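Please put together the full structure from these sequences, using the hints given.
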Amino acid sequence: MGQLNLNKVQKFYGTFEVLKSIELEVRNGEFVVFVGPSGCGKSTLLRMIAGLDETSSGDIVIDGKRVNDLPPVKRGIAMVFQSYALYPHMTVFENIAFPLRVEKMPEDKLKAKVENAARILHLDQRLQQKPGLLSGGQRQRVAIGRAIVREPKIFLFDEPLSNLDAALRADMRIELAKLHKQLKATMIYVTHDQVEAMTMADRIVVLNAGEISQTGAPLELYHKPANMFVAGFIGNPRMNMLPVTCKAVSDAGVEIEFKGQPATIPVNGRADLVGQPLTLGIRPEHIQFGEADLSMNLTPSVIERLGAQTVAYASLDGESENFCAMLPGSAPIRTDETVPIGIGAADCHLFDASGIALERRVALTDINVGLLKIAGG
Amino acid sequence: MSTQPAMINRYRWYELISIYAGIFLFLTFILAPFVEGFLVSLKPLGLLFTSPYKFWPENGSFAAYRTMWVSVPGFARYIFNSFFISIIVTAIVLILVVPASYAFARFTFRGSGLLLGAFLAVNMFSGAVLLIPLFRLMRTFGVLNTYFAMIVPGVAFLIPSAIWLLRTYMMRIPRELDEAAFVDGASHFYTLRRVILPIAMPGITVVAITTFIGSYAQQFIFALTFNSKTEYMPLPVGLFAYFGRQEVIWNELMAASFVGITPAIIVIFFLQRYLVSGLTAGAVKQ
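Taken in sequence, the protein lines are chains A and B.
Mapped onto the working numbering, the consecutive letters of the first sequence carry residue numbers 6 to 382.
Mapped onto the working numbering, the consecutive letters of the second sequence carry residue numbers 353 to 638.
Everything labelled a hint here was simulated from the structure, so no lab data went into it.
Any given hint could turn out to be false.
Said to hold, decoys possible - Here are the simulated distance ranges between beta carbons:
#1 B:Met359 / A:Glu28: 52 to 62 Å
#2 A:Met6 / B:Thr562: 51 to 61 Å
#3 A:Glu112 / B:Gly374: 57 to 67 Å
#4 A:Gly137 / B:Ser423: 47 to 57 Å
#5 B:Arg625 / A:Met6: 43 to 53 Å
#6 B:Met359 / A:Ile179: 38 to 48 Å
#7 B:Leu446 / A:Glu156: 32 to 42 Å
#8 A:Glu156 / B:Pro357: 51 to 61 Å
As the list claims (entries may be wrong) - Partner residues are not named here, just some residues of chain B that face chain A (Cβ under 7 Å, in silico):
#9 Ala532
#10 Ala538
#11 Val547
#12 Pro550
#13 Pro554
Keep in mind the model is a prediction, meaning the values are calculated, not measured.
Idealized CB from N, CA, C, for every residue including glycine.
In structure tokens form, the structure reads like this:
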């Protein structure tokens with residue numbers, strides 16, 4: 006139906022390797038999000054799947070058929086562009102009908118399909134208007150409508166929401182998630198916004214410098230990032246990284262020392278790590294007031310009060326790197342006034358010298374929310 | 353609230369005076385020949401050689417506009433010829449230039465830069481330099497003294513600048529529109545016809561107007577060289593008919609000039625309606 010396989014897909018621009026041997030399987034009906042910083046190759050990968058960019062080597066397989074040499078329309082994909090790419094001289098109806106007109110579909114069938122798509126996207130009242138009269142969100146819906154009418158096997162979205170303002174983006178996120186539920190189609194979505202990735206994806210593919218850094222469910226990436234890049238990229242504000250030393254490895258976890266304080270982090274260690282420098286990662290939202298397994302003093306230089314949280318940026322104990330703490334509510338802190346804060350050992354991530362994470366022992370319910378008991382149920 | 357213009361459009365009184373003085377000066381230079389030409393067309397021939405010269409026609413009339421048809425009976429034909437040649441040239445140029453500019457704007461192919469450079473270089477030669485070789489060529493093909501002889505060189509010399517103009521315009525049309533059409537299964541020609549052509553309409557209109565005017569202006573030299581048949585003569589050559597053996601009928605010549613350019617002005621007036629800016633609004637987020 007809509008299954009996609011990428012086998013050792015590579016892309017060169019001249020001698021520059023943009024994508025390095027990408028291996029990925031996307032199951033039918035899955036919502037997969039490619040996320041990564043700009044220049045990581047995520048848009049290029051999408052355009053290669055679409056057939057807009059050539060593949061240097063490797064196979065792109067849709068439903069068991071190698072499609073490298075097929076034009077987009079024969080691949081069974083439809084694409085929604087970042088800039089909407091609407092035809093300004095055509096009405097909304099004609100814009101949505103465009104792919105069907107190319108197919109030379111009979112008029113009555115075409116009309117039914119366009120009206121159906123318009124109903125799904127709440128564009129019924131706008132069909133006779135030109136795109137110039139529509140708002141950004143409506144334009145984006147027209148672009149999606151043009152993709153829907155063809156009933157493709159796979160939808161490709163290239164940063165479709167990045168031109169919308171924040172409030173509209175949140176609305177469209179929800180609409181897209183609903184649309185996915187309704188159409189049950191395979192969707193591949195490219196974004197640099199990790200909130201979009203976390204909220205919509207069944208599975209996130211984190212790309213970094215042309216390589217897949219990690220693939221996994223949103224919460225898996227949050228709780229068990231495979232390396233320092235994913236740890237830093239997923240989660241906002243980004244994870245704090247602190248240098249520590251490994252003292253011992255036991256069944257209970259890895260014993261580390263941070264500025265003279267010992268702590269045992271519940272992660273799967275290796276014997277050869279003893280004596281090695283490690284990096285401890287702690288998310289700003291896991292920092293708490295007062296003493297904990299690891300304690301330190303925080304002197305905020307900038308405080309952002311968001312209502313639900315208070316975000317404090319500080320240089321920790323005289324170190325230059327920006328340390329960030331997110332405290333609940335209106336936290337009683339002031340700039341340039343030192344407060345004691347603590348970190349729970351169970352919240353910590355540990356990375357070895359090459360940036361690879363030591364596997365955390367986290368509850369399965371943290372990763373697969375399907376296992377959670379519904380309150381009252 | 354005052355109805356003053358925005359701050360950036362506000363000028364001091366002396367700035368305004370100098371702006372209008374400048375406009376007046378340039379308009380005088382540009383329009384004076386037309387005004388004088390029109391005044392001459394109103395005067396009886398005898399009054400044109402009085403001394404001291406009088407600019408204002410004292411017993412002016414539109415008589416010359418009537419007599420001009422009598423003294424040169426073929427004049428209507430000359431207007432038609434001019435118009436006909438220019439229309440055909442414009443049509444051929446557009447048919448050739450639209451796909452060519454699309455190709456130059458969108459596709460990367462070997463030698464595209466070289467070709468564009470060559471077009472620019474050709475543009476630097478005026479048609480006059482190539483008259484002799486062109487004449488020999490026409491004679492070899494046996495097409496002297498036909499419309500063909502005046503149309504083909506006209507087309508050839510107008511194509512380069514038309515391609516440059518339209519290519520620049522088409523490059524401003526977002527590439528995503530082509531890509532979206534391609535993803536939806538449209539061929540290049542379908543995309544050109546259904547997507548690019550309607551959006552490029554203002555650019556195509558500009559090209560049509562400049563080509564039409566260009567063709568009107570340059571047909572004189574081609575007609576003079578490649579054509580000796582009276583019935584094929586375009587307007588600029590036809591005007592010579594008012595140069596009699598003894599005297600030039602200046603007032604009728606001027607009247608004929610004004611009558612002759614009227615069709616062209618009407619065409620341009622209708623074409624400029626299509627010069628709508630902002631036709632691409634809403635295509636992409638800008």
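So, going through the hints one by one against the coordinates:
1. B:Met359 / A:Glu28: 52 to 62 Å: At 60 Å between Cβs, range holds.
2. A:Met6 / B:Thr562: 51 to 61 Å: Hint holds: Cβ distance 55 Å, inside 51 to 61 Å.
3. A:Glu112 / B:Gly374: 57 to 67 Å: holds (59 Å)
4. A:Gly137 / B:Ser423: 47 to 57 Å: Since Gly137 (chain A) and Ser423 (chain B) have Cβ atoms about 56 Å apart, the given range 47 to 57 Å holds.
5. B:Arg625 / A:Met6: 43 to 53 Å: Between Arg625 (chain B) and Met6 (chain A), where Cβ atoms are some 51 Å apart, the hint holds.
6. B:Met359 / A:Ile179: 38 to 48 Å: About 43 Å separates the Cβ atoms of Met359 (chain B) and Ile179 (chain A), which means 38 to 48 Å holds.
7. B:Leu446 / A:Glu156: 32 to 42 Å: holds (39 Å)
8. A:Glu156 / B:Pro357: 51 to 61 Å: holds (54 Å)
9. Ala532: holds (4 Å)
10. Ala538: This interface hint holds because 5 Å falls under the 7 Å limit.
11. Val547: holds (6 Å)
12. Pro550: Since the shortest Cβ distance to chain A is 4 Å, the answer is holds.
13. Pro554: Since chain A brings no Cβ nearer than about 11 Å to Pro554 (chain B), farther than 7 Å, the hint is violated.
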